[in-house]
Each structure stands twice: as structure tokens, then as C-alpha cells.
Amino acid sequence: MQEPSVNIVVVGGGSGGTLSANLLAKQLGNEINAGRVQVHLVLGSHEHIFQPGYLHVAFVGQDPTEIVREERSLVNQNVHLVEDRAERIDLKSQVVTLASRVKLHYDYLIIATGSVPNPKAIPGFSEAALNFHTSPEESRKIWNVIQQFDGGHVVVGIAGVPHKCPPSPNEAAFLMDDYFRKGGMRDKVKLTFLTPYPRPYPAEPMSRVVEPLFKERGIEVVTFFNVESVDPAKKEIYSLEGESLSYDLLIMVPPHRGADVVVESGIGDADGWIPADKNTMRITGYENAYAIGDATNIPVSKTGVTAHLQAITVTDNILSAIRQRKKLYKYNGRINCPFEMGSGKAAFVVGSYDMPVKEIHPSRIRYMMKKGFAMFYWRTLSGSLDWLFGLYFGKTQTVESA
Amino acid sequence: MCPGPITDLFRAYRNANVGDVIELLATDPAARSDTEAWARRSGNEIVAVIDEKDYLRIQVCVVKKGR
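Those protein sequence lines, which keep their order, are chains A and B. The opening position of the first sequence corresponds to residue 0 in numbering that gives the first Met the number 0, with each subsequent residue numbered one higher. The opening position of the second sequence corresponds to residue 0 in numbering that gives the first Met the number 0, with each subsequent residue numbered one higher.
There is no bait here: all hints are sound.
Restraint-style ranges between C-beta atoms, simulated for each label pair: (1) A/136 <-> B/18: 40 to 46 Å; (2) B/54 <-> A/65: 42 to 48 Å; (3) A/243 <-> B/18: 20 to 26 Å; (4) A/72 <-> B/49: 52 to 58 Å; (5) A/230 <-> B/28: 37 to 43 Å; (6) A/65 <-> B/51: 47 to 53 Å; (7) B/54 <-> A/99: 43 to 49 Å; (8) A/60 <-> B/36: 34 to 40 Å; (9) A/230 <-> B/11: 21 to 27 Å.
Simulated crosslink set (DSSO-like; lysine-lysine; CA at most 30 Å straight-line): (10) A/277 <-> B/52; (11) A/357 <-> B/52; (12) A/369 <-> A/329; (13) A/214 <-> A/187; (14) B/63 <-> A/119; (15) A/344 <-> A/214; (16) A/214 <-> A/369; (17) A/233 <-> B/63; (18) A/329 <-> A/25; (19) A/394 <-> A/325; (20) B/52 <-> A/329; (21) A/140 <-> A/344; (22) A/140 <-> A/181; (23) A/234 <-> B/63; (24) A/187 <-> A/344.
These are calculated hints, taken from the structure and not from any lab test. Everything numeric in this text was worked out from a predicted model, so none of it was measured. We put the beta carbon where it would ideally sit given N, CA and C, even for glycine.
Starting from the given sequences, assemble the full structure and let the hints guide the process.
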């Protein structure tokens, strides 16, 4: 077979990477079959985890195996799956080097390597705190522990910013309140929500929704608490601001950083976030390399929906370049984070670069919508439900002449 | 957008030493009141808030960090 004239490499098999590879393979099917284009998807793991599912594994007792699938089963047959770890990305030479030392040259690159929870960044954190951001197994540990918990001070919150899924710490507090109420032991539990932000939810309009609900449920809030360290022996947590708080059970979102390959390739900032244009997702200084989802330093929520919408824009731009359509697509910053607020109700955090976050109250219908998104998640990765996304989200990008 | 410039302030504060000045550039008008509230609570000092043409330049001197 002749050497393909266009090589596209996607690094990372999460939501953004999988969708990007699938969209490209679908649109470029003829070119791929003719050997003119090749789409490589470099996976860090053979498993794909539906990460929003961690919450229900931890606090509702969902079976962790239900949120994991083989990546292979989710990928278009026209995608060349590379089951190897990307070790180095050289943007200048346009080469991705794998752990096996194989080098993949690219004409277009999409980095979708996500964010990495980093519990070790906070002294004492790993020994002291449980978390629902690192794996299905870690999330399951929480479920096992709260079932044995017979009362005391539960502290739930955020140990570092930014982190993936901004509503998830608040959701954890709501779901724990539900859990202890259902078990008839809410009066034996003091529940405190700890946050570095000035209010229970960082975006004020949604905080106006959360605050009265926390009050109604007896969830106390400690603000401006940037976790410095935890003493597992004393069961005390300390802040950079000089305050301390004691706990009996500590459940925290760990600090996050960029992926190892980004850090080791020197293409990210100090914390490993890749500098990229907030509309085109082009990596600063490079026309043919993009970063999407959690991997970037773009000031937008680190969520799967963001990665999904950015993948659409980036693949449209790559298709436009390959087909010389001279069009430039620009993501408008649309976010839509599902936000479970207990009692079987949910809201969404909705906004964009030009539209401040809206005040949206929880309802049963929105909860059903959240469940619907979760149910259809695996199918959304193929891009076959993008018509539905389009109907629901409206415009998520603009197009102009390149 | 959430979580906004205050996130950048906290990232910088985590890596700063006492005596450092953190400069925050923000288009979000809430950055001013949020930073002021945080400085009051944490005992840190706002050196200047400069209204540039399209953004705010907020300078914070780290005078207190940790226990």
C-alpha cells in the first residue's frame, strides 16, 4: 500500500479523543479506504471509563463495571488503533514518539490527553482522603466506607483547582446528604462542604441555587479554604490561608494536572495545561496541532461535554483544511454540565464565552435528562447523536472564511 | 465562565512565597470583589486595582501563607 499523504494523529482515548477519531474516520472514509489518509488513535489504556459515573459508584452504590467498556468496541473500524502510550510529542518536528520507540509523523495532531488527578500534590492527602476522581475502584471505596460509617463529621470538598467536572464536589455533598437521610442517620452526621472559592459554587448564578439548598439540608459551607496539607493521625486539614478543620471522614477532589506526556514534552504550562486558542483550540504557535478538553489551559469547565463540542470544531477545521474549503470554525465556549442536587433532581450549568452562566433550578425532568445523557454516552462517542446535540445545544460554533 | 480568574489567583498563591506580588489580569468584573473578599479573609494585601481599557489588573502582595 502507498504511504498515506495525510496522517492525522489523535493522542488520548477519552471522550474528546475517541469522538475526534470517529468523526474524522466517518467523514474521511473514502480517503482512508483509498489509502490517502490515515487516522491514528493513540490510547493510554484499553479501557474507556464513563467518568461522570464515578459519582453514583461512590454515593449510590452503582456497580463500577457498568461504567467501563473496552475502547476497541467504541472506535470506528477506519481508525488505526495504537495501543501504546505516547511518550513524547514534538510539535516542531510533528512527531509523536510512543513508549515502544515507534515514531508517528503527523500532518494534523489532536491532543486529548485529559487531566490527571494528583493526590500526592497535597501532603497527607493520599493517606487521609477518599476520592471519586481517580478510578472506579477508588470510587467504590467510598461506597464501602460510608456503609460502615456510624456518624461524625464528614468533610467533602475541593483540594485543588482547576479540577475536572466543577459541579461534582457539590453533587457529592447532596448525594451524601441523601444517603444519610435514607439510612435514618442524618442527625448523627455533621456535613461540611469545603471550597477554595468565595461561595458554594464558583459561578454566582448557580451558587444562588446551591446556597439555600445546602442551608435547607444542613450542609455547612467553609469558603476560601485552599488545602495545604492533611494530618491523617490528628484527622485535621489545613489551609494555605492558615485555618484548620477536624474531620472523621474526608472525601475530597484531589488537585489535577496535565498528562505526563504533556509535562515531559514541555508543551504545557507549569501544571501541564496546554496553551491553546479558546475558539479554534489550536496550540499556541502551531497551525496544525490542536488541544481539546481537559488538556488545555482554556478558561472553560473541564468536562466531557466541553471536550465533545471542541472535538466537533477541531475535526471540522481539519476536514476544511484537507478539503481546502477555506473555512475556519470557532467554538463559542458553550458548556452544559449536569448538576445533581439530591432528591432525584438535577440542574445544568449552562453558559458560553458570551453568555454568563445562567441560574437554573433543579427539577425531576432535568434529572431524567442527566440520566438520558449517561445512558446514551457510549453512542455519543461515535458522533451518531450529534444531530441531537445540535437540537439541544443550538449553535456551539461559528464559521468564517479562512 | 466558571470557575474564572479566581482559579488563577489560587494557583499562583499555592506556588508563591511571602513577599511575592501576584498580578491577576481579569475581564470578569467579579474578580475584584472576589479577590478583595479573599484578601480580607486570608490576611493578604491588595496593592493595586488598575482599570485597564478592557480588563482589570489586580496586584496582590502575599503577606500570609500557611500556619
